Amino acid sequence: DPFFTTKSTGNGLGLSSVYGILKAHQAGVKVESEPNVGTCFTLYFLAAKDSQIRLVGGTEKTSMRGGNETILLVDDEEAVLKAAAGMLATLGYRVVTANDGEAALRVFQERPHAIDLVLTDIAMPNLHGRAAAKAMRMVKPGQRFLFTSGYTDEQQIDALNQDGFQHFIGKPYSMIDLQAAIRASLDAQ
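By this note's numbering, the letter at position 39 of the sequence shown is numbered 53, and the numbering carries on one by one without gaps.
Heads up, some of the hints might be wrong.
Computed spacing ranges between beta-carbons, pair by pair [to be verified]:
| hint | residue 1 | residue 2 | range |
| --- | --- | --- | --- |
| 1 | T53 | E116 | 45 to 51 Å |
| 2 | L60 | G178 | 40 to 46 Å |
| 3 | E168 | R108 | 33 to 39 Å |
| 4 | N175 | A103 | 28 to 34 Å |
| 5 | V43 | I190 | 15 to 21 Å |
| 6 | P139 | G52 | 41 to 47 Å |
| 7 | I171 | T84 | 24 to 30 Å |
| 8 | D177 | F59 | 34 to 40 Å |
| 9 | Q40 | A103 | 18 to 24 Å |
| 10 | Q123 | C54 | 40 to 46 Å |
| 11 | Q170 | V45 | 28 to 34 Å |
| 12 | T84 | Q40 | 25 to 31 Å |
| 13 | G106 | A202 | 18 to 24 Å |
Hints are computed from structural coordinates only; laboratory data are not their basis. Values in this document were obtained by computation on a predicted structure and should not be read as measured data. Even for Gly, the Cβ is constructed at its ideal location relative to N, Cα and C.
Produce the complete structure using the sequences and hints provided.
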């Protein structure tokens, strides 16, 4: 079942997100599962040759442009939070994490001028991403946001647009797509 979840809220796309991230990094996964015993996931990554990030597509290499800004990363799924934080750090960004909207709002209120971009999941328990972003925007009107979700529909995108939010990236995303979305959000006029 591709949408299986053990959570009361959520969409069951955690494994799909992990698979998408692995595929984007030319990595692999081996799954061994036995009923009533358990499941083992083994992840395989290519060894890094140097510290510069390059994505290989055919024979062409593309270097990604990261940054040195501070990003507040908000996601209630621990695996997604860790994977995305690792990607952001690899791109050179300073990363502050929160596991839900309430925690993100507390972090933001402590140091609003130190946060250049808030990258937040939309659907989270306690305080969803859009509500947290509205509260943050009250503290710092010019704050930049990038929203993400594994499940989107036109109503969700319309609601973001009606609230004045313009930037969104769907899960799962590759590092190059994440980098492009972050730069677009940060560099927007």
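Right, here's what the structure says about each hint:
1. T53 <-> E116: 45 to 51 Å: violated (32 Å)
2. L60 <-> G178: 40 to 46 Å: holds (41 Å)
3. E168 <-> R108: 33 to 39 Å: holds (34 Å)
4. N175 <-> A103: 28 to 34 Å: Once the Cβ atoms are compared, 31 Å apart, the range 28 to 34 Å for A103 and N175 holds.
5. V43 <-> I190: 15 to 21 Å: holds (20 Å)
6. P139 <-> G52: 41 to 47 Å: 26 Å Cβ-Cβ, so the 41 to 47 Å window is violated.
7. I171 <-> T84: 24 to 30 Å: holds (27 Å)
8. D177 <-> F59: 34 to 40 Å: holds (38 Å)
9. Q40 <-> A103: 18 to 24 Å: holds (19 Å)
10. Q123 <-> C54: 40 to 46 Å: About 42 Å separates the Cβ atoms of Q123 and C54, which means 40 to 46 Å holds.
11. Q170 <-> V45: 28 to 34 Å: Holds: the Cβ-Cβ distance is about 31 Å, inside 28 to 34 Å.
12. T84 <-> Q40: 25 to 31 Å: holds (29 Å)
13. G106 <-> A202: 18 to 24 Å: holds (19 Å)
In summary, the numbered hints that this structure violates are 1, 6.
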